[in-house]
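Visitor: What follows is each chain in one-letter form.
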Amino acid sequence: MTALLEARGLRVEYGATVALDAIDLALAAGSRTAVMGPSGSGKSSLVHALAGIVPLSAGEVWLEGGRLDTLSEARRSRARLARMGMVFQFGDLVPELTLVENVMLPLQVLGTRAATARRRAVEVLEQVGVAEVADRRIGAVSGGQAQRAAVARALAHRPAIVLADEPTGALDTVSSEQVMDALTRLSVDQGTALVVVTHDHRVAAHLDDVVVVRDGRISVGIPA
Amino acid sequence: MTATLAAARLGARLGLTSAGRLRSLALALAVAIAELLMLTTASACRALLLQGMDPADDRRLALACATAIAIPCAVLVMTVARLSASMRDRRLAGLRLVGLTPTQTRVCAAAETGGAAVAGTTLGCAAFWLLRPLLAGIQLAGLDWRLHFAPYAVDSALAVIAPPVLAVASAVLPQRSRPDEALASARRADRTPPRPWRLGPLLVGTILCACVRSGKPRPLFGDPDDALPWMFAGIALLGVGILLIVPVFVRLFAALLVRLTHGPAVRLAARRLQAQPAGVARIVAVLMLGLFMATGARYVVVAWEDQNYYRYAEDQLHHRQLVSFSTTLAKADAAEARARSLPGVRAVVALPQLHSRSGYAAIVASCSDLARIEVSVGTCHDGDAYVLDPWSTLPKRWPVGHGAHRRTIATPVEASPPSNGATVGTGLLGPLDQVSLVLPPSLVGALPPSTEVHVAVTAAPGRHLASELAAVGLSVDDGYDFTTYDFVQRLKLLVWTIAGVILAVGLLAFGITAVDRTVQRRKQTTALRLVGVDAGTLRRAQWVEAGVPLAAGTVLSVGLGALAGATYLAYGEPDTALPWGATWMLAAVAVLGSALVGAATVIASSPRIRPQEIRAE
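Same order as they appear, the protein sequences are chains R and L.
The first sequence begins at 629 in this note's numbering and counts up one residue at a time.
The second sequence begins at 129 in this note's numbering and counts up one residue at a time.
Excised from the complex, chain R in its bound form (with noise of 0.2 Å):
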């Protein structure tokens, strides 16, 4: 069976620094994997190199079949847009605009229309808890909730796989549960695939694989 995201002998260099090495790693549509290890392991680098952010000093990216590394940067941001969800630690909202328009943002990209694209947020927001907040702004609302609208605008277009780089990291416990929550649920409904570097083990409970990175190395891949 073809996996829906492929990394085939990655390596990434940051200047003297190899931050990955030697990586291969087949993530299959609506796995839930955590991306686990110590600090400066290359957890996000991993991500990053995933999502076709990093260049790659060796190795292949391949998403549902086609290689993702070679496009150019504005057909890796489209490959992106259309087929990956993301999510980062501080959320990374647009304060200036309320939480359903964060979360149309990338549909409207797309080219869905402004109102389907709003149906759609609204939609969405409702799954994650935060509607009732819909129309506020960033600065107006919890960071357990902007994360959540995070969550929200990383699934809105349903993506086939989405990459979270420490959702949970700037969160309490409770609102990590909720997030991690809404994480798990919508990605099971929507069938995406779940990628989650974390730290903490109780977030890494909420999926099914783990895999530990150690020195730029894939050290161990384990069942949760």
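By construction, these hints were calculated from the structure, which means they are not laboratory data.
Using N, Cα and C, we set each Cβ at its ideal position, and we do this for glycine too.
Do not rely on the hints blindly, as some may be mistaken.
Computed list of lysine to any residue pairs in SDA-like fashion (alpha-carbon distance at most 20 Å, straight line) [said to hold, decoys possible]:
| id | chain 1 | residue 1 | chain 2 | residue 2 |
| --- | --- | --- | --- | --- |
| 1 | L | 651 | R | 690 |
| 2 | L | 651 | L | 345 |
| 3 | L | 651 | R | 767 |
| 4 | L | 651 | R | 802 |
| 5 | L | 651 | R | 666 |
Only part of the chain L face toward chain R is listed, based on derived beta-carbon distances under 8 Å [what the hints assert, rightly or not]:
| id | residue |
| --- | --- |
| 6 | 331 |
| 7 | 334 |
| 8 | 335 |
| 9 | 659 |
| 10 | 662 |
| 11 | 667 |
Taking CB as the label site, the calculated pair distances span [claimed, not checked]:
| id | chain 1 | residue 1 | chain 2 | residue 2 | range |
| --- | --- | --- | --- | --- | --- |
| 12 | L | 335 | R | 802 | 56 to 64 Å |
| 13 | R | 760 | L | 335 | 38 to 46 Å |
| 14 | R | 650 | L | 383 | 48 to 56 Å |
| 15 | L | 195 | R | 757 | 44 to 52 Å |
Place chain L on chain R using the hints.
Guide: Chain L in isolation, oriented as in the chain R frame:
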């Protein structure tokens, strides 16, 4: 003491960190520009005062110029000194938490800003003294200020000290006294929206000016004496309104954008505009006020340009010189010969002058005589007499241009003395001034040698024909004094220069602030790029956010300045043509400048993917 010194050292170091270096460089350049402009203005003002004609008027003019230049300079310096303000406030609040006292924190902030400000001061002063010979060599409409182009000591001290003091004060004074305030996250988007009453002064001012201009309702505005206070009130309200309106204007503009368009780029730009910090509104307000005043001033200058003496001078300088001197018929030939001997003289025509008992004056001239002194009488027929109607040379909407004065209209009359209803007035034609009739030589016949003769002399364009005639003993009756003309030319130049400085400095301040905001937003930009939002969308959003409202604001301010100026002219000079050309040009330059500033911020926003930004908080 040791802790204070340590705080100062820390401040100096903060000004030299990688991010701090850029801010310090921007501040040093801003202070240097302000120093250069203020020292130049101070020097020009001194030269004006020492060489001017009317000390009281010159003092007022110098003060107005200095103020007009100083305000945008102050805004530039204060704006740049507050770059990345929220980040710096948070950092200083962090120092308070570590244990620094408020004074030590202020010392730290002052040291961070002060170093760059002092460097900028040094650079600006050096640039001024290096450029001084070049600047002094520029001759403005007859004013040669090479001898006096240096500031008074007091002005010099003020110009040198003010910018760095303003910079340090701007960096130190707004500092929040409580660390928890400064550490609180800035909820910019949820700032209380500006109140609609801010629109009031501008609306009332616009209505008042429109009423004064139209003269309606007549009981209030029809009589010029009654309208005067309303006119000043209207213009003052426009000025105050511009200062107040900017936040409302930006919000309305953004709301309009959101309503009219549904694209992600415009929505993003509109939302950012709605959350724009107050500092940006202040810069735009000062820029708009400056353009408003400069445009209005240009209209006031038109009132001078519309005067006969100004048209005379324009005609002399650009079309041809035309003067006349008086003699008698007996001496006319000799005088004509002397006049003809002067270089550049094109024609010399003797025009005998006759006076009726009732006070009318007539000249004796053939059609060819009139043609030689370039007076057009349409289809002139020798043998006919003509009534001169000098007022008809001043039609409504008179286009200011070369040669327009020749369009004297004359109508044939019966060869008999005119009735009392004939038009008499001051014309524009020198020798024909105060003349109401042109009589053909065939009608007059032979004249006695004692007849008064006006000898009209035309020459190539210039300003020295009268003095050249005087040098050969021919004293002209209607020599032109160019002093007032030169004064008006200087005013025009000053208005353009000040408008240019305001526009340039205002756009620079806005541009620097906008670039700083885009740099502060890089993390957000990167996040959007990682999500997959394309660079074009982000660039369009940035351009719309920075360029479009600025262009709209500057055009609005030029339009309001035109309204104020037109109102003034309607009150004092109702038939004066409005300087639409200058107005459109200023508006076009403002739009172009805004577009360029918008483009510069797009480049600075650099929507490239920087993964490291995502992890940096």
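Visitor: Taking the hints in turn, state whether each one holds.
Guide: Verification of the supplied hints:
no. : hint                      : in the structure
1   : L:651 / R:690             : violated, 27 Å
2   : L:651 / L:345             : violated, 58 Å
3   : L:651 / R:767             : holds, 17 Å
4   : L:651 / R:802             : violated, 27 Å
5   : L:651 / R:666             : violated, 24 Å
6   : 331                       : violated, 29 Å
7   : 334                       : violated, 31 Å
8   : 335                       : violated, 35 Å
9   : 659                       : holds, 5 Å
10  : 662                       : holds, 6 Å
11  : 667                       : violated, 13 Å
12  : L:335 / R:802: 56 to 64 Å : holds, 58 Å
13  : R:760 / L:335: 38 to 46 Å : holds, 45 Å
14  : R:650 / L:383: 48 to 56 Å : holds, 55 Å
15  : L:195 / R:757: 44 to 52 Å : violated, 58 Å
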